[in-house]
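Undergrad: Each chain is listed here by its residues.
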Amino acid sequence: MSSRSDIFGAIQALEKREISHPGDFKSYSATKDPVGDFKNSLSIVGAMCIEVENKKNAETRLSEIYPDLQRYTSQDVVANGLDLEAVDVLEIDGMFGVAENGAIWLSDQFLPNRVAPFICQHLVIYVAKSEIVATLHEAYERLDGNYADFGLFLSGPSKTADIEQSLVIGAHGARSLCVVLT
Amino acid sequence: MLNHAEASEKFIADAERTTWHDETLWFVRSKRDKVSKLLPEWEALREQASLIKDHTLANLGQYLEEFEAKAQKNGIIVHWAKDAHEHNEIVHSIISKHGGKALVKSKSMLTEECHLNEFLTKKGVEVVDTDLGERIVQFRNEVPSHIVLPAIHLKKEDVGETFHEFLGTPKGNKDPQFLTEAARQHLRGYFLGANVAITGVNFAVAETGEFVVCTNEGNADMGAHLAKVHIACMGIEKMIPKRKDLGVFLRLLARSATGQLITTYSSHFAKPREGQEMHIVLVDNGRTRQLARDEFRNSLKCIRCAACFNTCPVYRRSGGHSYHQPVAGPIGSILAPNFDKSANVDLPFASTLCGSCSNVCPVKINIHEQLWFWRQDLMKDGLAPLGKSLSMKGMAFVFSSPTIFRMAGYIGRLVMRFAPFIVNNSFNPWFKQREMPDAPKESFQSWYKNRK
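These protein sequence lines are chains A and B, in that order. With our numbering, letter number 20 in the first sequence gets 20, and the count goes up by one each step, no holes. With our numbering, letter number 428 in the second sequence gets 428, and the count goes up by one each step, no holes.
Next comes chain B alone, as it looks inside the complex (with noise of 0.2 Å):
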């Protein structure tokens, strides 16, 4: 597997779409900061999101025993996975007792994080993904490349090529509305005879035992509604207290994810339909443990607005392919290490500590800082690639003898003016992409010394 820069080089090779990617997230995130400033409370709309999410990890297991005991009074299974594969062992044993060999699927981040479609698909059944984007890279055997416009890192010409391929669409129609079109039609088929649905849940009220579903399309109600069987799956942190802690929320988060004012539509699950068998899938897969953790704790509080991402210089010029994580950007990296640790050590790194992120995060998730933390956890741990930590003990021991640093400043600017190919060349990272500085002539300090 290639690493965050690896895979970041192949990303940029084409450098008229890393543009293109840029200035179209650059773009979202204007919109998102346009839409914001017209709410004069949205710094004390973010202050109180923040707080709520505060209590609420603060009282985890009060919240949640809450939410299952209203919610199975709704009329709903509630089930429990501690981790992945548990999760999908339990959509599986429900899928198999119905008997469908077909199911829809709306967005769900926590099953992309538990591979569930690779899962289900290995024991036959048919996973039929139905967000746009999600199905556009299902077609083409890839995964989202962002959590809220899953096809980013796609064009329209390419989108048309897959829908030839997949749907027979004419050759050479590249017209996004007709594709959509196409994309409608080859949906309603299987949202019709589907006898399961799978959604994702974006926030579970404890008071009221109902969970709310967001989307634009209106794919998580029409498979939700249709199906005999509805499955949600959500992690653990999704909780919130109160039914009116939503207006907090539902105002914060499609402002912040695209620069809308709501999405479409904000659908309340309380009670299954008259005949509907409705399922909840509570899952930790790891959430326990960051909850443990003083530093991560807050990573938490994250509403999968991607805000994070759409600001973000490194996302917008890597893709987020480079991330090789379901969830990329920002709150990945600081999210991934969690998971596994040696498999994701490059993601903290994947950042310039600019700090862009947390100032756009909905809910004030500390994310520069967390990376920060991260990058010294693996540092610790001695998981950082051995030309990091030997640069950086390199760099603590020119640091540490004020002898041996003014040597190396002397060496270091007489090779940049008398021999600049030492360091120009592709052995040094830094050289890529950029022009070395002029050296200067004399330190600071010898000129500090010597000026008149």
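Pulled out of the complex, with its shape left as it was, chain A reads as follows (with noise of 0.2 Å):
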């Protein structure tokens, strides 16, 4: 306890200064276009990005992106991390999604377990297009009292400029995403 003490006892003796929070972020450009900025966001993150009417129609065009792996649905994968290595691909939802940069919200309602979307090879996330909001402002807006144990805004496959600042997709998560925007 001593520690925190003093951390708090060096802070409480300093001069107490008045500063105001701002208050929420207002000034920011709104879009006309959510569904086509979040498109062109996942091609500049360097996800694919297909169209369909509904999930079921998905199977062709999935087939067609991964001939010889099997997919595998949240249903599917049992709650123990380590079975998912080998798990080549994962279909899972996402919540919603971000127009200005390409995140998609997932949390632990939608995972079948936290390393899910980290560890297998390639990554499918289906995404409705009346769930796209502009910006992050509105993204946290939309998450206000949904306090998720874990969530994260996913944007893209892995990947790492490490070395000499080359580009390679698929570090140490997953090596492709593709989301289905129905």
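Treat the hints as calculated values from the structure; they're not laboratory data. Remember, predicted model here, so these are calculated numbers, not experimental data. Ideal Cβ positions, reconstructed from N, Cα and C, are used throughout, including at glycine. Hints may be right or wrong, so weigh each one.
[Claimed, not checked] Where chain B lies over chain A, by a calculated footprint (3+ residues, C-beta under 8 Å):
no.: 1; stretch: 2-12
no.: 2; stretch: 24-37
no.: 3; stretch: 40-54
no.: 4; stretch: 99-107
no.: 5; stretch: 111-124
no.: 6; stretch: 134-148
no.: 7; stretch: 157-171
Got two chains here, each in a separate frame; can you build the complex from them with the hints?
TA: Right under this line is the structure:
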């Protein structure tokens, strides 16, 4: 406890300064075409995107993209992270997408377990076109009060440029991301 | 230990590599310019981020308390460390309780600041850095030269050689795709086997008790979600008041750092998963000391994006290792004297004070002004090297009297015209890599008086 009280003691010893919080950020630009922007952002972050009328219609397209790979859904996946090593393609649902950066919100309630979207080799995420918000501000507006135990914004496949700034897709997480817009 | 100027001299000895380093970082800076200009509200976002951090630092005690209470309610175990040593002891005690011999660690500048790897290695724990750039420098027994791009001082040939030695990749293979794949396979084994994972923290939210970790590779998540124990290490300045504030900071962070729209993964950890143990270590290590200093408090707003590195003409041409500190570049140069003034007396002078760092900083830290404040502070403490303090005294003497000033100018012009070797030699640091200018025939004053 002593370090804790040392730290708080040092802070409390400082002269009180009254600086108020600026409030929520309001001056962000609106977009006329969130879905178009979202698709554009996905291509920038290295994700594929296919548009289908409903989830069932995705089957043909996905079997073309992953002809030789076994695809699993969240329900197929057992709750133990280690078994996921063998999963080639994992299909999951995303809650909503963010137009400005191609990010998709995923949380415990959408995932078979936390490591799933990272450890699988390829990832497929379903997002409804009606569920695209313009910016991260609107995204957090949407998450207000929805406090997941674990959640993330995922934007594109895992990547690195740590070797001479050459972009390589597929670092530790999924090697590819396909977003299915329904 | 070499000071910044001496170490830089070694760095620039390889002209071709220096040019490459300079241009590569400038390219990253240009990407930042491009994406930031796509947002009409960019400047308003910077202002907002700066104001939120001002507010947070003014109420840090209250927010830390709120964060601690919420995090504990969420089932996270909270620890407090007043310095680096205590931080390392806490981390080690958690590890020894779980009997782990190897642990996986994602990027955390705080653990670099505390020299955690060295500490744990001495205690017989194998630390495996999982960020690709950090793993490369760890193999080479080096430290990161850049806080976002740890191996930016290396060429792919260097990485190829290192991987040949440590991972058995074919000699001469320097293909980044191939080498990254080799690292992926190599590190998967560690991810699956480790009992303990350590991550850094980008933002800690007081309102919810959650913390956010940003990576592109997915290494922090692979470690944290597979290990039985997750230890997150953070400086106490990482606090932000509300979840909605994250919208501001996540929009700024990746755009400023690498010109990306957002990092691939922005993970929000609120509660441990079932059966997992989650710890947070909150570290002071000089931060409350900095908080008390009006002129340097602002440095605690830093979100570690490294935009100031990429834009700095001195950093780009001297390399991160020349700064002999875990955090290099302009921001490192204003943080380092807080840890140890006399060991880092050279760093506030490793700048042209051009102000580019302050102009790109997403949280509007007045970096170049603080560099100048530190110079004054260090000179007052008598820590400046003898040559510098003597020449400053000499200059003050010359400038104090118009007669002496005119005479000095006269002698200077004579010397440069008739005996240039007196200044054109290696004893004059200004002469290195530079030509001295031609001396004018008369001073401005005499020209002005005699003009017709």
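Undergrad: Compare the structure with the hints numbered earlier in the document and write down the numbers of the violated ones, lowest to highest.
TA: none
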